[in-house]
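> In case you want the letters, here they are:
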Amino acid sequence: LSPRSHASMEQCSAIANAMVASAFFTAAALAPEPRIKHFQIYHWDPDTTGDKPRICGPIVLDALINIKNEMDPTLTFRHSCICGTCAMNINGGNTLASLNKLDINTSKPIKSYPLPHMYVKDLVPAMNNFYAQYKSIEPFLNKRDESQEGKEQYHQTIRLAILKGLLEHPIYIFCACCSTSCPSYWWNGDQYLGPAVLMQAYCWLIESRDEFTEDRPSKDPFSLPKKKCHTLVFKTSHNDSPHVKSI
Amino acid sequence: MTFTRQGTCLFRPQFGILYRHAVPMGTTANEEMNRFWAKNNKLNRPMSPHLTIYKWSMPMMMSITHRGTGVGLSGGISAFALLALVLPGNYPYYLDLIHSLSVGPALLGLAKFGIAFPLSYHTLNGIRHLFWDSGKGFKIPEVYRSGYVVIALSILTSIAAISYM
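Chains as they are written, first to last, in my numbering: chain R, 53 to 299; chain W, 33 to 197.
Be careful, since some hints might not be right.
As the list claims (entries may be wrong) - Below, computed lysine to any residue pairings styled on SDA-like, alpha-carbon distance capped at 25 angstroms:
(1) W:Lys71 <-> R:Tyr186
(2) R:Lys89 <-> R:Pro105
(3) W:Lys74 <-> R:Asp242
(4) R:Lys187 <-> W:Thr59
(5) R:Lys187 <-> W:Ala70
(6) W:Lys74 <-> R:Asn240
(7) W:Lys171 <-> R:Cys135
(8) W:Lys71 <-> R:Asp242
Derived from the structure by calculation, the hints contain no laboratory data.
Starting from the given sequences, assemble the full structure and let the hints guide the process.
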């Protein structure tokens, strides 16, 4: 069904009625059998240590896209490619719809909710506050001497963050899964920065190329943005990196 | 430099000369946050579900139990202190009063467990919390493992306390 099908619903039902009527007369070939082709796709990531080759199955995002295309065009969700856009709560856990394997056991429904305790439309949360909190930690380099701009400098501290076990991949996707799984962030989202932003703040604190470390707003360990972390340690299904209280 | 750090960026350094923007550029983080809350509160938007839909996990339950036992212990000790201050009789009198109640051993054991378990659980989980405060033990398998150890030890020490006291 195309999005325009809503307008021509009456036409469709008229045609359907005609088809049903004609079906009684054509006893033989009815509607064509659904043609299901199974895809088994090889999966292996050279960057993930210990990764074993495996066959990946259908993902929840595939199902959502299918639902939007064929059943409910008004279903609203975000998705793009490996970027954290499709973060949502699936079967009770915050995860990425594009990485969450679709459970083909037909007896159980899959419950799909938006990220918890956010202002939403359907499965789309309003991320403005989350981004503003990230902005507040000043996620950029400050140099005393700007004349060296453009020249090669110290090695990237993002590698140091990975070595310390803070990040799994060099690319951080701001999916907000971890922050929106934290009850402290649910109740105090206006003041508490949340695990995602706190971890980024720490990464910028240890950034060797930044020369204004002492002036960073996140340096104060007793400010409310950090104090609301009670080390509740909840879990998101795709992120093994712990949120850092050791800031 | 101060203006750029605030984000309003009224002045723009270019080749050593400060140029002034015709209008202030961008918004500060605080401005954005305030606008966000003002708009959403005004529109009275509902929040997406949280406690009702989030899958309960062992670390979650241990965390809320830690809070619950903490409240229980503080409340219990405060209540005991208040009663000790306010009630007319002395401690041996009330001890005899409790002894005289014909409560079966099962119920008595349960009551003792109800006092011993919160104490031992909260203490042991508190030690687990202290490890976290030092930055250790945050990997997910470690969280589960330490959690199970705390639960097992709490039950064992509670039973030991009941048996020997």
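> The structure should be examined with respect to each hint, and the outcome stated for every one.
Hints versus structure:
1. W:Lys71 <-> R:Tyr186: holds, 20 angstroms
2. R:Lys89 <-> R:Pro105: At roughly 22 angstroms apart (the allowed maximum being 25 angstroms), Pro105 of chain R and Lys89 of chain R satisfy the hint.
3. W:Lys74 <-> R:Asp242: With a Cα-Cα distance of about 16 angstroms, the restraint between Lys74 of chain W and Asp242 of chain R holds, given a limit of 25 angstroms.
4. R:Lys187 <-> W:Thr59: Holds: Lys187 of chain R and Thr59 of chain W sit about 10 angstroms apart, inside 25 angstroms.
5. R:Lys187 <-> W:Ala70: holds, 19 angstroms
6. W:Lys74 <-> R:Asn240: Status holds; Cα separation ~19 angstroms.
7. W:Lys171 <-> R:Cys135: Holds, at about 24 angstroms.
8. W:Lys71 <-> R:Asp242: At roughly 13 angstroms apart (the allowed maximum being 25 angstroms), Asp242 of chain R and Lys71 of chain W satisfy the hint.
When held up to the earlier numbered hints, the structure conflicts with none and fits them all.
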